[in-house]
Structure formats: structure tokens, C-alpha cells
Amino acid sequence: QQQVKQSPQSLIVQKGGISIINCAYENTAFDYFPWYQQFPGKGPALLIAIRPDVSEKKEGRFTISFNKSAKQFSLHIMDSQPGDSATYFCAATHTGRRALTFGSGTRLQVQP
Amino acid sequence: DTAVSQTPKYLVTQMGNDKSIKCEQNLGHDTMYWYKQDSKKFLKIMFSYNNKELIINETVPNRFSPKSPDKAHLNLHINSLELGDSAVYFCASSHSGTAAGEQYFGPGTRLTVT
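Line by line, the protein sequences are chains A and B. Numbering (our numbering) for the first sequence: 744 to 855. Numbering (our numbering) for the second sequence: 111 to 224.
Since the hints were made in silico from the structure, they are not lab data. As the structure is a computational prediction, the values presented were derived from the model and not from experiment. Quick reminder that beta carbons are idealized off the backbone N, C-alpha and C, glycines included. Among the hints, erroneous ones may be present.
Subject to a maximum C-alpha distance of 25 Å in a straight line, what follows is the list of computed PhoX-like cross-link-like pairs (lysine-lysine) [what the hints assert, rightly or not]:
hint : chain 1 : residue 1 : chain 2 : residue 2
1    : B       : Lys129    : A       : Lys785
2    : B       : Lys154    : A       : Lys748
3    : B       : Lys154    : A       : Lys814
4    : B       : Lys177    : A       : Lys785
5    : A       : Lys785    : A       : Lys758
6    : B       : Lys150    : A       : Lys785
7    : B       : Lys151    : A       : Lys785
8    : A       : Lys748    : B       : Lys151
9    : A       : Lys748    : B       : Lys146
10   : B       : Lys146    : A       : Lys785
11   : A       : Lys748    : B       : Lys150
12   : B       : Lys181    : A       : Lys785
13   : A       : Lys801    : A       : Lys748
14   : B       : Lys154    : A       : Lys785
15   : B       : Lys119    : A       : Lys785
16   : A       : Lys785    : B       : Lys132
17   : A       : Lys814    : B       : Lys151
Partial list, computed: chain B residues near chain A (C-beta under 8 Å) [stated by the list, open to error]:
hint : residue
18   : Lys151
19   : Ile165
20   : Ala209
21   : Ala210
22   : Phe215
Produce the entire structure from the sequences given, and follow the hints as far as they go.
Structure representation (C-alpha cells):
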């Protein structure tokens, strides 16, 4: 019930393209869904997050789409840039738990 | 200024040894965590502390003992190290008044057990 499934495992996108990473969860108690970005040799950093009462959240080139009935959410990176090349993790948690359950990660490479 | 810091950044040791990793945060947060990232990059919660009290212990072997001397520090002591303990260990912190998933991570400590 704590699992979060993430796909694809890796993604190669051309500069200027759209990167899409998908996640699905099982635990309906989850009420906060963040995305973290991790560069090699660094710790994960919060990128953008959404609560289940909204279907979409946009911050700059990054957008989360959320489908509560399907228990799925996705990250869209518009106009992908080489500097976006990193590993992206979806995660989920709820107020009563206060610990993140991470997806397995997606390694994104944006080719110039 | 570093928000969440960990020492050491690299730790190479032999099986059976005991080692410690230190974590400090200067964000004024009241909740701190230890996560383990394995060789496949999978991140998993190990421990969570709120106001120096343990609130999550995610079936971690009792060779791992966290200690929180105050709200700004959370150390991890590992006894009798095993090959399978090799991983990157991340400390993180958050404020209980904000969203549970809004966590700030340290740079990680890469532990290699030979």
C-alpha cells in the first residue's frame, strides 16, 4: 500500500522537446505528491508538488497533472533543456506519516 | 550557507567496523530524516525524528542507531558494518507546520564497505 510506481526508467529527449514522467500510487491516504530532482553527486531537491484537490499545477516549464480517480500523476517538462538532465523522482506522503515514499526514479537526458 | 550538511561525504571501511555519520540543519526545522539510496538509486526512508523523538523506524536492522541530541542534529551510528550497507545515506529535514513532503536534503554520504 505504500508503493509508488514510476515510469519510464530512462528517457532521452531532444532540446526543446517535452519530457513526460508518469507515476501511480496505491495508498489513498496519500495527500501530497512532490517531485524531486537529483543531479549526480547531489541530494534530491524539491521541484514541484501537488495536492489531490487540484488536477494540475504549473511552475515555469514544469507541470504536474493529477488524476485522483486513476491514482496517477505525471510530470511534464516543457521546452526541455540540457540543464534539465538529471534523475527525477516522484514521491507521495500524507500528514500522518511525514516520510516520503519514492518512485524508482527516471533518468532524463536532454540532448542538445 | 549550507542548509543541511552531512559529514563525512565519503566513508570507506571494512566489514565488521562501526561508523557514524553526522547531520546538521540550520533551517530551524523540527523534523529530521535518514534515507538510504541503493546502487539502483532507489530511495527509502529509514528513520524519522520529530523534536528529537523517533516517529518512524522503517524495519531497519538494529545495527543502525540514530541519535538526535537536539532538533538541529540527527546522527546515524552503524555497528558491525556489512557489504549490503554500502549505499548513499541522505539526511533531510522539514518543518511539521508545512507540507509533509517539503523536505530539504543534505548532499549525502557515500558509504563503501569492503
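Against the structure, the hints:
1. B:Lys129 - A:Lys785: Measuring from Cα to Cα gives roughly 22 Å; hence the hint holds.
2. B:Lys154 - A:Lys748: holds, 14 Å
3. B:Lys154 - A:Lys814: Given that 25 Å is the threshold and the Cα spacing comes to 21 Å, the pair holds.
4. B:Lys177 - A:Lys785: holds, 24 Å
5. A:Lys785 - A:Lys758: holds, 23 Å
6. B:Lys150 - A:Lys785: holds, 15 Å
7. B:Lys151 - A:Lys785: Distance of about 12 Å is within 25 Å: holds.
8. A:Lys748 - B:Lys151: holds, 14 Å
9. A:Lys748 - B:Lys146: The hint holds at about 18 Å.
10. B:Lys146 - A:Lys785: holds, 14 Å
11. A:Lys748 - B:Lys150: Cα-Cα ~15 Å, so holds.
12. B:Lys181 - A:Lys785: holds, 23 Å
13. A:Lys801 - A:Lys748: Within the cut-off at roughly 22 Å; holds.
14. B:Lys154 - A:Lys785: With Cα atoms ~16 Å apart, Lys154 of chain B and Lys785 of chain A stay inside 25 Å; holds.
15. B:Lys119 - A:Lys785: holds, 11 Å
16. A:Lys785 - B:Lys132: Given pair Lys785 of chain A, Lys132 of chain B holds - Cα atoms ~17 Å apart, limit 25 Å.
17. A:Lys814 - B:Lys151: holds, 24 Å
18. Lys151: holds, 5 Å
19. Ile165: holds, 7 Å
20. Ala209: holds, 5 Å
21. Ala210: This interface hint holds because 5 Å falls under the 8 Å limit.
22. Phe215: holds, 3 Å
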